[in-house]
Amino acid sequence: SAVISQKPSRDICQRGTSLTIQCQVDSQVTMMFWYRQQPGQSLTLIATANQGSEATYESGFVIDKFPISRPNLTFSTLTVSNMSPEDSSIYLCSAQDSIRDTQYFGPGTRLTVL
Amino acid sequence: QKEVEQNSGPLSVPEGAIASLNCTYSDRGSQSFFWYRQYSGKSPELIMFIYSNGDKEDGRFTAQLNKASQYVSLLIRDSQPSDSATYLCAVKDDKIIFGKGTRLHILP
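Chains as they are written, first to last, in this note's numbering: chain A, 618 to 731; chain B, 650 to 757.
Worth flagging that the hints you see were computed from the coordinates, not collected in a lab.
Being a predicted model, the structure only gives us computed values, none of them experimental.
A couple of the hints might just be wrong.
Straight-line alpha carbon distances no greater than 20 Å define the calculated EDC-like cross-link-like pairs of lysine to aspartate or glutamate that follow [as the list claims (entries may be wrong)]:
hint: 1; chain 1: B; residue 1: Lys651; chain 2: A; residue 2: Glu675
hint: 2; chain 1: B; residue 1: Lys749; chain 2: A; residue 2: Asp643
hint: 3; chain 1: B; residue 1: Lys744; chain 2: B; residue 2: Glu654
hint: 4; chain 1: B; residue 1: Lys744; chain 2: A; residue 2: Glu703
hint: 5; chain 1: B; residue 1: Lys705; chain 2: A; residue 2: Asp718
hint: 6; chain 1: B; residue 1: Lys744; chain 2: A; residue 2: Asp681
hint: 7; chain 1: A; residue 1: Lys624; chain 2: A; residue 2: Asp643
hint: 8; chain 1: B; residue 1: Lys744; chain 2: A; residue 2: Glu671
Required output: the full structure, derived from the provided sequences and hints.
Dropping the structure here:
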């Protein structure tokens, strides 16, 4: 299975600022995803990070608020822009193992916006 | 809209008993089915996947799939306190859809 790391593991940010979360996979993967998980809630898909093209965003999420980069097959970033307290959440990077059609998660980034 | 339904729980099971977790899904075209375990404050961890009707066993875990009934379950034998977690069912056709999870509590 793919091993996924994320940086930072947690951060406390001020309203109106931006935070970029990095995701590194230990092997080349075709599909990478970004999720958000509020405390006690299930996973919400933000977008699919496509290598070499723009990310595909889910309903309710827009590129201006959550710009995503995917410069190669092992790395992606998610930026949370112009943050408000409502953006406080855990952000999870995920990658798909194309051979077994399974999906794995990074350890997550716990974001608190004051 | 494609949906994956799970009982939110908590499901309380005595230590050593069998824990049975259930999930139904709406999309008949779904091809792949997964169970994830998520401890509090941690990210989801894939524990089982199943693609064909029937049972699939891995250690104390058994996944069961019935495509005709659009039903997938996870059995945990000889439940241990360390099995206490939230279990997420996930179903995939072109995209993976997660259920809201069932909280399992193993009583020592």
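Violated constraints from the hint list, given by number and in increasing order: Failing hints, ascending: 2, 4 and 6.
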